[in-house]
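Asker: Got chain A; can you put chain F on it based on the hints?
Taken in order, these protein sequences are the chains called A and F.
Take any residue in the first sequence, count from 1 to its spot, add 127: that is its number in our numbering.
Take any residue in the second sequence, count from 1 to its spot, add 5: that is its number in our numbering.
Treat the hints as calculated values from the structure; they're not laboratory data.
Backbone N, C-alpha and C define an ideal beta-carbon position, used for all residues, glycine too.
There could be a bad hint or two in this list.
Here are some chain F residues the structure puts well away from chain A; computed CB gaps all over 10 angstroms [said to hold, decoys possible]:
| # | residue |
| --- | --- |
| 1 | Gly37 |
| 2 | Ile42 |
| 3 | Ser83 |
| 4 | Ala128 |
| 5 | Leu145 |
Stretch-level coverage of chain F by chain A, calculated; a stretch enters the list once three of its residues show a Cβ under 8 angstroms from a Cβ in chain A [said to hold, decoys possible]:
| # | region |
| --- | --- |
| 6 | 25 to 31 |
| 7 | 70 to 82 |
| 8 | 146 to 158 |
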Amino acid sequence: MGMADTIVRVGMASCGIAAGARKVYDTIKGLQNTDYLKFNLQQTGCIGMCFREPLVEVIDENGSYLYGDVDAEKILEILNKHVRNGEPVRDYIVRTDLFASQDDPFWKGQVKIALRNCGVIDPENLDDYMRQGGYDAVKKIMTNNISREDIIQMIIDSGLRGRGGGGFSTGMKWKFAYNSQNETKYIICNADEGDPGAFMDRSLIEGDPHAIIEGMIIGAYAIGASDGVIYCRAEYPLAIKRLNIAIGQAHEKGFLGKNIFGIDGFNFDLYVKEGAGAFVCGEETALMASIEGERGMPRRRPPFPAVSGLFKKPTNINNVETWANVSWIVLNGPEKYAAFGTEKSKGTKVFALAGKIKHGGLVEVPMGIPLRDVIFKLGGGIQNNKKFKAVQMGGPSGGCIPEHLLDTIVDYDSVTATGAIMGSGGLVVMDENTCMVDMARFFLDFTQKESCGKCTFCRVGTKRLLEILTRITQGEGREGDIELLEELCEQIKTSSLCGLGQTAPNPVLTTLKYFRNEYEAHIFNKKCPAHNCKKLLTYTIETDTCTGCTVCAKNCPTNAISGERKLPHLIDQSLCIKCGACFSKCKFNAISLS
Amino acid sequence: MRIERILTMNQSAAAVNVDLTLIDAMLTHYEGHKGAIIPVLQNIQTTYGYLPANAIVKASTVLKLSLSDIYGVATFYSQFRLTPVGKNIIKVCHGTACHVQNASAVSEAIEESLEIKDGQTTADGLFTLESVACLGCCSLAPVMMLNGEAFGKLSGKSAVKIVNDVRMQEKQK
Numbered sequence: 128m129g130m131a132d133t134i135v136r137v138g139m140a141s142c143g144i145a146a147g148a149r150k151v152y153d154t155i156k157g158l159q160n161t162d163y164l165k166f167n168l169q170q171t172g173c174i175g176m177c178f179r180e181p182l183v184e185v186i187d188e189n190g191s192y193l194y195g196d197v198d199a200e201k202i203l204e205i206l207n208k209h210v211r212n213g214e215p216v217r218d219y220i221v222r223t224d225l226f227a228s229q230d231d232p233f234w235k236g237q238v239k240i241a242l243r244n245c246g247v248i249d250p251e252n253l254d255d256y257m258r259q260g261g262y263d264a265v266k267k268i269m270t271n272n273i274s275r276e277d278i279i280q281m282i283i284d285s286g287l288r289g290r291g292g293g294g295f296s297t298g299m300k301w302k303f304a305y306n307s308q309n310e311t312k313y314i315i316c317n318a319d320e321g322d323p324g325a326f327m328d329r330s331l332i333e334g335d336p337h338a339i340i341e342g343m344i345i346g347a348y349a350i351g352a353s354d355g356v357i358y359c360r361a362e363y364p365l366a367i368k369r370l371n372i373a374i375g376q377a378h379e380k381g382f383l384g385k386n387i388f389g390i391d392g393f394n395f396d397l398y399v400k401e402g403a404g405a406f407v408c409g410e411e412t413a414l415m416a417s418i419e420g421e422r423g424m425p426r427r428r429p430p431f432p433a434v435s436g437l438f439k440k441p442t443n444i445n446n447v448e449t450w451a452n453v454s455w456i457v458l459n460g461p462e463k464y465a466a467f468g469t470e471k472s473k474g475t476k477v478f479a480l481a482g483k484i485k486h487g488g489l490v491e492v493p494m495g496i497p498l499r500d501v502i503f504k505l506g507g508g509i510q511n512n513k514k515f516k517a518v519q520m521g522g523p524s525g526g527c528i529p530e531h532l533l534d535t536i537v538d539y540d541s542v543t544a545t546g547a548i549m550g551s552g553g554l555v556v557m558d559e560n561t562c563m564v565d566m567a568r569f570f571l572d573f574t575q576k577e578s579c580g581k582c583t584f585c586r587v588g589t590k591r592l593l594e595i596l597t598r599i600t601q602g603e604g605r606e607g608d609i610e611l612l613e614e615l616c617e618q619i620k621t622s623s624l625c626g627l628g629q630t631a632p633n634p635v636l637t638t639l640k641y642f643r644n645e646y647e648a649h650i651f652n653k654k655c656p657a658h659n660c661k662k663l664l665t666y667t668i669e670t671d672t673c674t675g676c677t678v679c680a681k682n683c684p685t686n687a688i689s690g691e692r693k694l695p696h697l698i699d700q701s702l703c704i705k706c707g708a709c710f711s712k713c714k715f716n717a718i719s720l721s
Numbered sequence: 006m007r008i009e010r011i012l013t014m015n016q017s018a019a020a021v022n023v024d025l026t027l028i029d030a031m032l033t034h035y036e037g038h039k040g041a042i043i044p045v046l047q048n049i050q051t052t053y054g055y056l057p058a059n060a061i062v063k064a065s066t067v068l069k070l071s072l073s074d075i076y077g078v079a080t081f082y083s084q085f086r087l088t089p090v091g092k093n094i095i096k097v098c099h100g101t102a103c104h105v106q107n108a109s110a111v112s113e114a115i116e117e118s119l120e121i122k123d124g125q126t127t128a129d130g131l132f133t134l135e136s137v138a139c140l141g142c143c144s145l146a147p148v149m150m151l152n153g154e155a156f157g158k159l160s161g162k163s164a165v166k167i168v169n170d171v172r173m174q175e176k177q178k
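Bound conformation, chain A alone (with noise of 0.2 angstroms):
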């Protein structure tokens, strides 16, 4: 291939965006079949290593090769050199089949099921997905005749459970909307990821549209659905405009509409909801509430949606990724799925990494795999060298692993039995300066404010649980605080009706489960061991390093703050509020914290 063929992709995932991908995409565009260069300029979703946005993939005669950290600058030398000249330049290069990166470990271990495509088509080009087999797996079954019955026998074989978090089996589930006699049946992709700490979905649907679509395809085929609502949360509004992208295209293409695939009488269509923001209607009862215009309060089950759901027709809900594990459970055939994973696990599960992990990003692991080979194989571990005390999994509903539990495996069983959930695959690693009791008040807050307020312990209990936290973080816990924390999550979690509310106790009950001595030290000692909460924490100024500038007496709000110009200064502790103004603006971090 000549340099004309030579194609240059870059990552346009939200994150890639927000860590600068737009301005070197347009660096390149400008130079794009200029005199000296001529190449293939393309776009891709996420691939995965948000740590090294914005990326860029050259893929010339020899191979592909992936540069991290590109700038306008280095993105000049790279087109210059390897575009031009065909020389790599290896100080940029992150990743390549040819020769071993120092990120290599990051892809070791991933088996890439769901993200199939993320990074590697452009969402926005339909060839691109039939290229890769995309829509492949509706033909097949419309060519072979598969019949319904034998679809749905082969998403339960798969032994795919819901990767929202529920784990309900797929297809035992599709059998029960297929069951439900109803001229009008529904189904609906849950793409409301509410859950603070979590990108899987929102990556998922911005680098492979399509998939969710082919799946949702398969899903109205097989239990006899003709109408189909992508509920997505608008804080995603790249994610929302591919999406309708897709469908234009399905449109177009004969995907979506009446008699579709050329099969009489097969009409299935589709369209995107918009989320308003309101974290309770990521549970499947709020969230029909939400698409038939109410406030999105859940409702009693039974009857489940399968049997009345939205418009009270029967309903069936999976998530993004379970949606998008459909195609290729077809179309490579549910042993090969059910080959990855645990006795009752299996497959893949897709974690966005975050927090104070080096290689935060979106990963896809077997079922099965050690939390520590994810964290820190995968991972590689705690940024800046510090000792690692926890990772949290499954969000507001979820709770904290301990360094001591972190050979527990990813499945369903082995995680519930720590006290977390598996969640839907947020990962959000703590180190020793996180304060765990904070971390539970910080859940607290977020729930407090989602209740949609229908149970009362779940509206008032999360309220008095936040103000107890509150306090103690604040240095007026009492004794009797943690009993009483104890008592409340109990009767939260068996008082309410929703999954909201019953897992709401879960990151108090697993913190004090396996840090209750940082309870303690805050509520008896007036300690926070993790010198992260301000109220504790003693400021002073260390008298070497100070140059008597005057800047922390200047800025003190109370005076607290004495001492002669040119000279060390000293904080009086009797008036200090601790507000942390002193240690924000001394510029020669002469203000210690103890």
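Answerer: Below, chain F alone, put in the same frame as chain A:
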């Protein structure tokens, strides 16, 4: 609790005259649609930047929906605002990853620089500052979004610089 949203919004709700003809076509489009309240409110907010009281009343009349139902929905979802907002909206992410990476330093620095608190709008109407739950760019934490564009790996200083750049551009206009 969602009730807090209603309380805080009511205090500053101001009656402003807006051009209601702007939403005529949209309302006609949704007449008779089931489940239309949320998209209708989203459209109104896109038009005016918030939900003016008289626009809600008009929607209620045209779509034959009770005012209390619409108000109930408008106050339930965090996307909807009942008061006008600034020209530029700053959303500072306070998701788990951003919290762990000290997102409060970003909020505090912007609060100090713009002399407003979280949820408020500057006196010149240029900026509104909001805290949001998660923008989904967790591996670039802490993150903020300014007019729909996300910025990652921020510190208090770099966040203020981005805001100041926008302010400079506004002044040059």
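Asker: If a hint holds in the structure, say so; if it doesn't, say that too.
Answerer: Hints, one by one, checked against the model:
no.	hint	in the structure
1	Gly37	holds (13 angstroms)
2	Ile42	violated (4 angstroms)
3	Ser83	violated (4 angstroms)
4	Ala128	holds (22 angstroms)
5	Leu145	violated (5 angstroms)
6	25 to 31	violated (count 0)
7	70 to 82	holds (count 5)
8	146 to 158	holds (count 8)
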